[in-house]
Amino acid sequence: MSASLPARAKSLRDRLLALDHMAANVKETGLLADLRSDLAAPAAELSRALDQRDVLIQSGITTSAPTTLDAARKRAAALLEKFAADRKAATLTKGVGWANLIRDIKTASTDVSGAVSKRWKAYRQDIFTGEAPTVVKGRIAFTPGNSAAFQRYDKLHQTFRAEFERLPPDSATVDRIRALAAELTEAAADFDYDVSPEVKRFLEAVQSGGATLDLLTDAVTTWLKDNGALASYRIVPRGADGSR
Numbered sequence: 191m192s193a194s195l196p197a198r199a200k201s202l203r204d205r206l207l208a209l210d211h212m213a214a215n216v217k218e219t220g221l222l223a224d225l226r227s228d229l230a231a232p233a234a235e236l237s238r239a240l241d242q243r244d245v246l247i248q249s250g251i252t253t254s255a256p257t258t259l260d261a262a263r264k265r266a267a268a269l270l271e272k273f274a275a276d277r278k279a280a281t282l283t284k285g286v287g288w289a290n291l292i293r294d295i296k297t298a299s300t301d302v303s304g305a306v307s308k309r310w311k312a313y314r315q316d317i318f319t320g321e322a323p324t325v326v327k328g329r330i331a332f333t334p335g336n337s338a339a340f341q342r343y344d345k346l347h348q349t350f351r352a353e354f355e356r357l358p359p360d361s362a363t364v365d366r367i368r369a370l371a372a373e374l375t376e377a378a379a380d381f382d383y384d385v386s387p388e389v390k391r392f393l394e395a396v397q398s399g400g401a402t403l404d405l406l407t408d409a410v411t412t413w414l415k416d417n418g419a420l421a422s423y424r425i426v427p428r429g430a431d432g433s434r
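Throughout, the working numbering is defined as the position within the sequence shown, counted from one, plus 190.
Keep in mind that the hints were calculated from the coordinates and are not lab data. Mixed in with the good hints there might be a few duds.
What the hints assert, rightly or not - With a cut-off of at most 25 Å between alpha-carbon atoms, the simulated DSS-like pairs for lysine-lysine come out as follows:
no.	residue 1	residue 2
1	311	296
2	278	296
3	217	284
4	284	296
5	284	311
6	296	308
7	278	327
8	308	272
9	278	264
10	278	217
11	296	264
12	308	327
13	415	327
14	217	264
15	390	415
16	311	345
17	284	272
18	345	284
Please build the complete structure, drawing on both the sequences and the hints.
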């Protein structure tokens with residue numbers, strides 16, 4: 191009986207060590223779970239912002255990436271490298287690295303969302319340079335033909351404008367909006383401006399993609415001033431590829 195006492199003591203010690211090890215693992219698992227919880231919401235928000243950015247890029251709409259996005263990626267990579275060498279919660283929370291990562295992800299998310307929204311709103315002017323219905327209304331004579339053309343233009347323009355109050359969920363939506371812009375351009379061509387040929391050419395060019403400076407003749411400038419419309423136009427340089 192007494193001879194088996196050391197063996198029993200060893201067995202008990204081993205069991206206690208095993209229980210202690212299990213307890214440590216449970217505690218470590220809990221700490222890591224807390225860190226994952228801290229990261230979940232900011233990471234999901236950034237992921238949504240990047241998905242929105244990808245929709246524009248896949249649709250051929252160039253969208254710049256804010257510097258804060260690169261900063262967040264570098265900090266995450268540095269923490270991941272440390273954690274790979276020592277997989278403990280303490281490795282992540284040592285110093286201010288983890289707190290700064292959460293902060294950087296939130297900042298990057300805000301900046302990406304802001305850049306995407308700004309670019310999308312600017313894209314509206316890229317694909318359609320025509321006037322608002324209220325402006326057109328003051329420049330055309332409401333003949334039966336112009337009345338019908340204006341009703342169509344006004345309806346299309348309202349739909350077109352509403353599309354830019356929210357970000358497109360996919361590339362198919364962007365394609366549909368481009369088609370809508372093309373319809374608007376066609377509708378604008380139906381207006382019969384009771385003006386001189388020079389002014390008519392200028393207005394038609396504006397409605398169909400933008401007028402070049404050679405169309406801004408003295409006669410056109412005078413007409414715009416007389417109609418209080420000069421301030422409604424601005425000069426925008428075209429890029430090397432012809433886009434604005």
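Are residue 217 and residue 264 close enough, with their CA atoms no more than 25 Å apart? violated, 29 Å
Would the hint linking residue 345 and residue 284 be met if the CA-CA limit is 25 Å? violated, 60 Å
Against the 25 Å threshold, does the CA-CA distance of residue 390 and residue 415 hold or violate the hint? The given pair, whose Cα atoms are some 15 Å apart, holds under the 25 Å limit.
For the pair supplied as a hint, residue 284 and residue 296, confirm whether the alpha-carbon distance does not exceed 25 Å. holds, 20 Å
Proposed proximity, residue 327 with residue 415 (alpha carbon, max 25 Å): holds, 17 Å
Take the C-alpha atoms of residue 278 and residue 264, compute the straight-line distance between them, and say whether it is at most 25 Å. This hinted pair holds, its Cα atoms lying about 20 Å apart.
Decide if the proposed pair is consistent with the structure: residue 278 and residue 296, CA atoms, cutoff 25 Å inclusive. Roughly 24 Å between the alpha carbons, so the hint for residue 278 and residue 296 holds.
Take the C-alpha atoms of residue 311 and residue 296, compute the straight-line distance between them, and say whether it is at most 25 Å. Between residue 311 and residue 296 the Cα gap is close to 23 Å, so the pair holds against 25 Å.
Holds or violated: residue 217 with residue 284, Cα cutoff 25 Å? It holds: about 17 Å lies between the C-alpha atoms, which stays within 25 Å.
For a C-alpha distance cap of 25 Å, please report whether residue 278 and residue 327 respect it. violated, 69 Å
If you draw a straight line from the CA of residue 308 to the CA of residue 272, is it 25 Å or shorter? Violated, because 37 Å separates the two Cα atoms, which is more than 25 Å.
Between residue 296 and residue 308, is the straight-line Cα distance small enough, at 25 Å or below? holds, 18 Å
Going down the numbered hints, you'll see the structure goes against 5, 7, 8, 12, 14 and 18, while the others check out.
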